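Protein chains in written order, with our numbering: chain A, 1 to 643; chain B, 1 to 377.
Heads up, incomplete: computed chain A residues facing chain B, CB under 8 angstroms, no partners named:
(1) Leu312
(2) Trp553
(3) Lys582
(4) Arg621
(5) Glu625
(6) Ala626
(7) Phe628
A short, non-exhaustive set of chain A residues, derived as facing chain B with CB atoms under 10 angstroms:
(8) Asp310
(9) Asp313
(10) Ala548
(11) Gly552
(12) Gln585
These are calculated hints, taken from the structure and not from any lab test. These numbers were taken from a predicted model, which means no experiment stands behind them. Backbone N, C-alpha and C define an ideal beta-carbon position, used for all residues, glycine too.
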Amino acid sequence: MRPRLGHIQFLNCLPLYYGLVKNDVLLDVDLVKAAPRDLARMLLDAELDIAPIPAIEYARHAHELVLLPEIAISSDGEVQSILLLSKRPAEELSDRTVALTDTSRTSQVLARILLERRWRVEARYAEMPPDLPSMLREADAAMLIGDDALRAYWQPPEGLTTYDLGNEWTAWTGLPMVYAVWAVRRAFAEERPEAVGDVADALMRSLAYCRAHLGDISEYASRWEPFAPERFRSYFDALSFRFGPRYRDGLMRYLAEAQRIGQLESVPELSVFGEGKSVADGLHELALAAAEGEHRLGEDEALSLLERADMLDLGAAATVMRDRLHPGGEITFIVDRNINYTNVCVSGCRFCAFYRDPDHPEAYVIAPDELHSKVEETLALGGTAILLQGGMHPELSLEWYEQMLRDLKARYAIHVHGFGPPEVVHLACLSGLSVRDVLVRLRDAGLDSLPGGGAEILVDRVRARVSPHKASAAEWLGVMREAHLLDMSTTATMMFGGMEALAERIEHLSSIRKLQDRAVSDGHVGFRAFIPWSFQPTHTALETEMPAAASGWQYLRILAVSRLFLDNIANIQASWVTQGAKIGQVALAFGANDMGSTMIEENVVAAAGTRFMLAREELVRLIREAGFVPVQRDTLYREVERT
Amino acid sequence: MTAFRLADPALEPIAAKTINGERLSRADGLALYASRDLVGIAQMADHVRRRINGDRVHFMVNRHINPTNICENRCKFCAFSRSKGQEGAYEMTLDEIVAAARESVPEGAHEIHIVGGLHPEWPFEFYVDMVRRLREALPAKVIIQAFTAVEIEYYAKISDLSTLEVLRQLKDAGLDALPGGGAEIFSERTRQAAWEKKTSADDWLRIHGEAHSLGIKTNCTMLYGHIETFEERVDHLIRLREQQDVSGGFLAFIPLAFHPANTELEDLPSTTGYDDLKTLAISRLMLDNIDHIKAFWIMVGLKVAQLSTVFGVDDIDGTVVEERITHMAGATTPEALTKDELVGLIVETGHTPVERDTLYNVIRVYDDMPATGSLGS
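Bound-form chain A, shown alone (with noise of 0.2 angstroms):
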């Protein structure tokens, strides 16, 4: 038997409603319209399976019901069609009678629960059908809700004080509003998880067709109904389908209030299909639409693959995008050495243990002649390139760069990796030069391509706590931008567990595919590689606040994530530096298809108390212990010696 699914029948599901149609998914379900409290009495009844019901409905049934996991009408601030009118501020409505409409249950307790807990009054109510004239003349404000409000927001009634309920709300709490949920009678949740794994997968993705294509139905819905298309556009951007754990946050505080208001008996747990087991077959199907090329996630859905999907669903399904990408079974390790030519930085991160003031007894520069004995080493150990970092230097100009490569390059055949973005906004600064002018010049001088070396979390409110002297991340992505537009190769890092949330660790990613789709649109390579790895907190000004490494469990994971998130990109290297030579290795298994540098010398991490050196030897080793073949490579990806 089909599972009988509700549907809301108001203009708030819509949206979904069209992605539910151009998904087919109507074919798989039976689709039953009606106003959300129907739902509920329905559902309760067991004449439907799953169906979206007022929050405050479900909590007072929670135990009979469980809630799908991604979905729900929510609002993180302005909502539009939930709305009080009143003729007198909110403050001063004690005594005085407020009407609500009849037709919701959350919203009435919403309603209530701002009057009495935000505006502090006691207000007297009365439940009115949905007409403003009458209500107003019983009343002295009136709660509207659906249409009825949302032709009073785009034209508010005058000598009458409008309230967004849904911004009350966050302003109030600092907290989304959840005024529906989906929700599975227990016992069909029991008896046939499969079918309600296909319908909440089926729901996300009719979400992330109508978030695709919220213009569209904009067009559409104004064709049927009095508004026009930009009015819809409004409303639905207003409108989210969110259910994450801030919006989680939010019904939980809802649920509270209103039972501190007494409308609700007690406040239940979330329980929630899907969670507290392994397996969530929706994330898993999700996880392997991506691996397989058919999906693109969004950034929503990344996240909820890295909060909640099952370890292995992850490592399954980045295992099946790497050999997509890399077929044949081969994992590259690239032979070449860190130098760091100097570690007087000016820039002071707070994740650095590396750094020197200038003036610090031991503060260097690399002098001429050890640089080049170290690249002699290099190329006697087999190596092909040098990574060429270093600090924020005060004083070294642009031509002493300029000369540093002019006489590596009139010397040795090495490939020269040189530079982060932020060196090269240091650079510019120092210079005056414009970024690409001085990207021109380094080129010119012999740089062959540049690191994507601090990236660490490209959200600026994490930079601000970590590295707040560093460049930011619109100029970290500029650089690379304009390195891509000149046809230099490059490769991007994430440096994870720092103070970052989840959710920036997948804003991250989705700046550096966005920025990939541009280099690849315009005919250019982009990164080459991505590398993500996790700070190390030993020895640095963060010790204190954040004493533990990010597990290897998380790193894992975000490396499986990585791998099904940025499907333009080629390569996903492990960093054995930071995580050892074992889960280096088991890295392999979720979605890596390199293992990085013989890391010659690695000063920076060295320096904070991770030290692995893996000799070419080891890394072999480890390639084949692992059951697959190993190639160096050089800088650019190309085979040069196959083990």
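Fit chain B to the supplied structure of chain A, relying on the hints for placement.
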């Protein structure tokens, strides 16, 4: 039924057996070792693990005491043992041993775990006294798990008693359980090459069978990652499985990753993450009659131990206060982990931490922990 997402089609027949609960063959064990589908193997092991242990991951607060490092055997893989009089050699008195055990009680230990060298001068009575005095000194809830089969065999030799009689006297003195050490790899070839003086496979298994017959529960181990072949590992697992069919007293299986540093075999490389995780998962799949698979985080490292909870492992040992043996061989893990740290690692994986005693009696279920264990966010 659970559908596995296998990258390696060679695993399909094994997956079918796993789902049907059928016993895996030697060839299956070798096919698992030959596969590079690490996540595929993990999915099967996780399936079996869930069937037996649900979402529980066990741990225990215990105290290890190594009464002496003076040892007659001096095996090549051991970085711990010394000869009498050699620099670094030590021996504890009975008073010191009892005092060390007592200290652990207020720390919440539910087990005293004793293994040590084969001391050339201590008589068997010394060990009986040790157990008796510990039993008298400790509350009943603290279980005494002591003496590997190698030590039991040695006590029989120095006392002219049978191993069964040795076990009986120790049990009467208060011994509850035997640890699983000293099994190494059951192959005669490796024994001749690396630990020729040590208890043979037949004797090791016989002694555990005798212990089981007396109601003494035991653990079992496999020391891997030295000179053994995959065939020898699989054969080892099968011999344990056969013994368990007969005597049924094995509580847990613990694969021990070999640490080459400071041993006579130190030019061998360390085990890899793939090898550690595959060995744990394959153990879970092969040993269908042993309830618990334990990762010894001191040996494989915390990161691998945490990850192993989705590779068939339902037990992470442990909040060890003192563990001289592995540490002298250069393992780089911290020496002790607090209970909170261990619980946090388990919660992060979405499993339910369960504190247990030696016999897997539940002491506390940590089901009230916040569900998001994401460190650093």
